[in-house]
Amino acid sequence: MARHLITSAIPYINGIKHLGNLVGSQLPADLFARYLRGRGHEVMFICATDEHGTPAELAAQKAGQPIAEFCAEMHAVQADIARRFGLSFDHFGRSSSERNRVLTQHFAGRLADNGYIAEVSEKQVYSVDDGRFLPDRYIEGTCPNCGYDKARGDQCENCTKQLDPTDLIEPRSAISGSTNLEVRETKHLYLRQSALKDQISDWIDSKTDWPILTTSIARKWLNDGEGLQDRGITRDLSWGVPVRRGDQPWPGMEGKVFYVWFDAPIEYIAATAEWADAQGLDDSAWRRWWRLDQGAGDVTYTQFMGKDNVPFHTLSFPATIIGSGEPWKMVDYIKSFNYLTYDGGQFSTSQGRGVFMDQALEILPADYWRWWLLSHAPESGDSEFTWDNFQQSVNKDLADVLGNFISRITKFCRSKFGEVVPEGGEYGPQEHELIEAMAARIRAYEDCMARMEVRKAAAELRAIWVLGNEYLQAAAPWSTFKTDPERAAMQVRLGLNLIRLYAVLSAPFIPFSSDAMLAAMRTGQRDWPGDVAGALAVLPAGHAFTVPEVLFAKISDESREEWQARFQGVRG
RNA sequence: GGGCCUGUAGCUCAAUGGUCAGAGCAGGGCGCUCAUAACGCCUUGGUUGGGGGUUCGAGUCCCUCCGGGCCUACCA
1 MARHLITSAI PYINGIKHLG NLVGSQLPAD LFARYLRGRG HEVMFICATD EHGTPAELAA
61 QKAGQPIAEF CAEMHAVQAD IARRFGLSFD HFGRSSSERN RVLTQHFAGR LADNGYIAEV
121 SEKQVYSVDD GRFLPDRYIE GTCPNCGYDK ARGDQCENCT KQLDPTDLIE PRSAISGSTN
181 LEVRETKHLY LRQSALKDQI SDWIDSKTDW PILTTSIARK WLNDGEGLQD RGITRDLSWG
241 VPVRRGDQPW PGMEGKVFYV WFDAPIEYIA ATAEWADAQG LDDSAWRRWW RLDQGAGDVT
301 YTQFMGKDNV PFHTLSFPAT IIGSGEPWKM VDYIKSFNYL TYDGGQFSTS QGRGVFMDQA
361 LEILPADYWR WWLLSHAPES GDSEFTWDNF QQSVNKDLAD VLGNFISRIT KFCRSKFGEV
421 VPEGGEYGPQ EHELIEAMAA RIRAYEDCMA RMEVRKAAAE LRAIWVLGNE YLQAAAPWST
481 FKTDPERAAM QVRLGLNLIR LYAVLSAPFI PFSSDAMLAA MRTGQRDWPG DVAGALAVLP
541 AGHAFTVPEV LFAKISDESR EEWQARFQGV RG
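Numbering-wise (UniProt numbering), the first sequence opens with residue 1 and increments by one.
Among the clues, some could well be false.
[As the list claims (entries may be wrong)] Straight-line alpha carbon distances no greater than 30 Å define the calculated BS3-like cross-link-like pairs of lysine-lysine that follow:
hint, residue 1, residue 2
1, K554, K456
2, K187, K197
3, K416, K456
4, K207, K396
5, K207, K123
6, K207, K307
7, K307, K220
8, K123, K62
Simulated from the structure, these hints should not be mistaken for lab results. Owing to the predicted nature of the structure, the values given are computational and were not obtained by experimental measurement.
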């Protein structure tokens, strides 16, 4: 039994996430966590909401709520949706927690003590009417290059030219439209990543088994231009972790907060502490996951994230940890994902394009989404969601291959033997062949899971389901029943046991259906099958079961067309 | 502009430089009748984006051209 720490990139607080966000981090992390738990390992699966930053403040403002209230509400909403998607976090924390405030300030203090913090004075655009400094992209104006009148301060979306806010002609606040802008001097703390570059670079080089997507992004940032640059870790905002040097004030930094990307990864640690608090445990309970000097030496730590998060997890956060000089657990494996696109374009939170998590659950059970998303996870490149493909895959895999298998065996049993596992008969060559084939498939499935090859794991699981149909076809209990009822009984008994086995094996992908299958078989025995023959004898003759309702209703053409139309345009 | 990823059957994807480039779906044929008109078996289908090169051997390595995507450091 091993100990696995798993974190999913923490979703931003400003709204309900779409399916692209889900498949890029939380869902595969959940798959992995459920699998490892199923294998009997000790798992700590952590997620949280990422609550700081300008977009959160603006979203709250737009909603007409105080920021703290807005975040509390949105956190509850996201937590509820996550639960309904079956995301099995041990704790779903909040980056605005007291635990994170203390830890973030602690790390900053340690970094300063070790000489990895620089104070830098810089000039930034201040909007007098908004009463706030504006990040570059919140300044709009006319592009000096192409004349586009909605160019942003960081880049013109029309001609793609990189811009500085001061390049813009007639600049205005993207928040209020105010042109009452001025350049003000402000002081910020910078994390001296450049001083840690060699250590980070060596560390990345040691990770030879990481996905290319992960290491290539890291190397690009390490080696591009003049190499890894220092990064500002404070902002002039009111909502965030107040800048302090450990538990001491930080002279000259009054009224400023830490940059959201500085405190967000620290929340992985803080959320584990929040978990301990919620469980009524003391600090040693979470430190044994995070401190190498307090029991985390045998922990394997895996992070899941979309590719846009990779620089922060391969560079900034490691810089924070290394720079602290303290023995914190660092990540062992980073599984990163490309993007899921929607019907040829991008999912877009701002434009409401695509399917959002709450909407997805309104129209179909979570397992439908889980299965499709995971079996089409964007691992080697971006992958595309289309309603046609979704309907076809889900109907074929879940309804026809798995669901119908369960129907045919349970209903056949009921009609010939009643709702009880029948007695009699002994295995012949077909059964031994099945067991052998099953064992090989399960091993392949385990290998894929261990390597976090999500799509391949899904394909193996599906092949395992197919074995059941192949067996039934070959064994044909409906024929043997006529001449050799005992043999038919043995075949049906094996078929019923396959359902339980499938429930156990499928649980990481489709946990709700897995529960329904076990409930129908009236068993709670969900041990991972070490010995396949034994696993197929768990339900003994005489064991009562219930023929389940249709587990996976098919998606009709009418529904598909309706949803296709509904989600084409703007959310609403 | 620079960098990275990607291009394989109608579709979605596999393939440590080494048998005849493989699966699933879709298409075609046959079988079965327990089952959600489901399942099983067989089968059609590819000049691996184009062109050069290295090699005994290239989907895989190199060069070049074409197409798609992403990143480029103050959104997170």
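Hints, verified against the model:
1. K554 / K456: Between K554 and K456 the Cα gap is close to 24 Å, so the pair holds against 30 Å.
2. K187 / K197: This hinted pair holds, its Cα atoms lying about 24 Å apart.
3. K416 / K456: violated, 38 Å
4. K207 / K396: With a Cα-Cα distance of about 39 Å, the restraint between K207 and K396 is violated, given a limit of 30 Å.
5. K207 / K123: violated, 39 Å
6. K207 / K307: holds, 17 Å
7. K307 / K220: Since the Cα atoms of K307 and K220 sit roughly 13 Å apart, the hinted pair holds (cutoff 30 Å).
8. K123 / K62: holds, 28 Å
Hints 3, 4, 5, counting from the list given before, are not met by this structure.
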